[in-house]
Amino acid sequence: MNSSWNKENRILLEDLQSVVSDTVIPWEKLNGSKVLVTGATGLIGSLVVKTLLYYADLHNADVTVGAFIRNRDKAAAVFGDLIDSHANLVFETGDMCGDLDLSGKYDYIIHTASNTSSRDFIEKPVETILTTVDSTRNLLEYSRINKVKSMLYISSMEVYGALDHELVNENESGIINPLALRSSYPQSKRLAENLCVSYAAEYDVDVKIVRPTLTFGPGVSATDNRVFAQFAKAAIAKRDIVLNTKGGTKRDYLYTADAMKGILSILLLGSKGEAYNLSNQDSYCTIYEMAELCCSLANNEISVKFDLDPEKSKCYPKEQKIQLDNSKINALNSFKKVSLKEQFERLIAYYNSVESK
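Numbering follows the working numbering, with no gaps: position 98 of the sequence shown is 895.
Please keep in mind that the hints were generated in silico from the structure rather than gathered at the bench. Note that the structure is a prediction, hence the values are computed from the model and not measured. A few of these clues could be false.
Taking lysine-lysine pairs in the DSSO-like style, the calculated list, with each CA pair at most 30 Å apart, reads [to be verified]:
no.: 1; residue 1: K1138; residue 2: K1102
no.: 2; residue 1: K1047; residue 2: K902
no.: 3; residue 1: K1030; residue 2: K921
no.: 4; residue 1: K826; residue 2: K1133
no.: 5; residue 1: K1035; residue 2: K902
no.: 6; residue 1: K1030; residue 2: K946
no.: 7; residue 1: K902; residue 2: K921
no.: 8; residue 1: K946; residue 2: K1047
no.: 9; residue 1: K946; residue 2: K1043
no.: 10; residue 1: K946; residue 2: K1035
no.: 11; residue 1: K1069; residue 2: K1138
no.: 12; residue 1: K1030; residue 2: K1069
no.: 13; residue 1: K1118; residue 2: K1102
no.: 14; residue 1: K1043; residue 2: K1069
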């Protein structure tokens, strides 16, 4: 095993070991292949890259990983010693919405790049739409021309919109208001999905879609300001959790290592032109209930407070209750998922280990 892994965070390394030990994933399909990962410095993208590198090292497999990035300084911070110690890690730079100028031909593509800032959905809706649609079209066109073996598009549970029931499968679709600025995100994700199925049908591109729920765990940046990160940091600092909504939105969550297992299972085992939900149905709870869970992890030394200022609340989607039916992904790989409690415990332990280091 490459010695550079000795400097990787212990908790994150445990997760990598868990993922590559999954025996249902047909890892052998990756041998002798090149895999392009977009959004490689983001949470999901960086973990996909590290998972593939770790698998290659552990099994002495011939796997080249192309990490599509925008910022080399950020890449250096994310991948550290893995850069100089892995000749099979290649950085690709450029504009995914323009002409792709890649260093070589790739066999697999995992498209994780996406804008995840709720504020940008409102303040930069045009950029949100065009980045999602144009980058996906470019990668689909590359896949068509180069006969890529499999492409996976990372979509979002937000494509479901507003439904009149809670448990949803991949064939359902609810209402999204096209006149609302924040719809720039879910509407563009819907269009990108339709591009995927269109390329699959018209050009025989072997592309699959995954719709993950909110995903977190070791690897999340300490500067991340999404709700789960705020809750975890509040538990660490023994600081009350302040909600800008009533916290009634209810959904399930997903641990990062489980996301890796699901993503690779769908990439290598999924059916062309199909979409797959990905979550832990056992984690289904409201935002308020999740906040209460984090208070308990702080030995109930903190509590939940409310600041319902309309200006602060407008960046959040309307209250919704949606649980992803995982029957379809479970038919591919029914691995046991990490509980929400352990998910937060491991994120908090990760934050503490990074801070102490």
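Holds or violated: K1043 with K1069, Cα cutoff 30 Å?
Judged against 30 Å, a Cα distance of about 40 Å means the pair is violated.
Please verify whether K946 and K1043 have alpha carbons no more than 30 Å apart.
violated (46 Å)
Are the Cα positions of K1138 and K1102 separated by 30 Å at most?
holds (21 Å)
Is K946 close enough to K1047, meaning Cα to Cα at most 30 Å?
At roughly 37 Å apart (the allowed maximum being 30 Å), K1047 and K946 break the hint.
Would you check the hint for K1118 and K1102, treating anything up to 30 Å between C-alpha atoms as holding?
With Cα atoms ~22 Å apart, K1118 and K1102 stay inside 30 Å; holds.
For a C-alpha distance cap of 30 Å, please report whether K1047 and K902 respect it.
It is violated: about 42 Å lies between the C-alpha atoms, which goes past 30 Å.
Check whether the Cα positions of K1069 and K1138 lie no farther apart than 30 Å.
Answer violated: K1069 to K1138 is near 35 Å, above 30 Å.
Could you grab the alpha-carbon distance between K1030 and K946 and see if it respects the 30 Å cut-off?
Cα-Cα ~41 Å, so violated.
Straight-line Cα separation of K1030 and K1069 no greater than 30 Å?
Violated, at about 40 Å.
Given the hint that K1035 pairs with K902, test it: the Cα-Cα distance must not exceed 30 Å.
Between K1035 and K902 the Cα gap is close to 50 Å, so the pair fails against 30 Å, i.e. violated.
With a cut-off of 30 Å on the C-alpha distance, tell me whether K1030 and K921 pass.
Holds, because 28 Å separates the two Cα atoms, which is no more than 30 Å.
Check whether the Cα positions of K826 and K1133 lie no farther apart than 30 Å.
Holds, at about 23 Å.
Checked against the numbered hints given earlier, this structure breaks hints 2, 5, 6, 7, 8, 9, 10, 11, 12 and 14; the rest are met.
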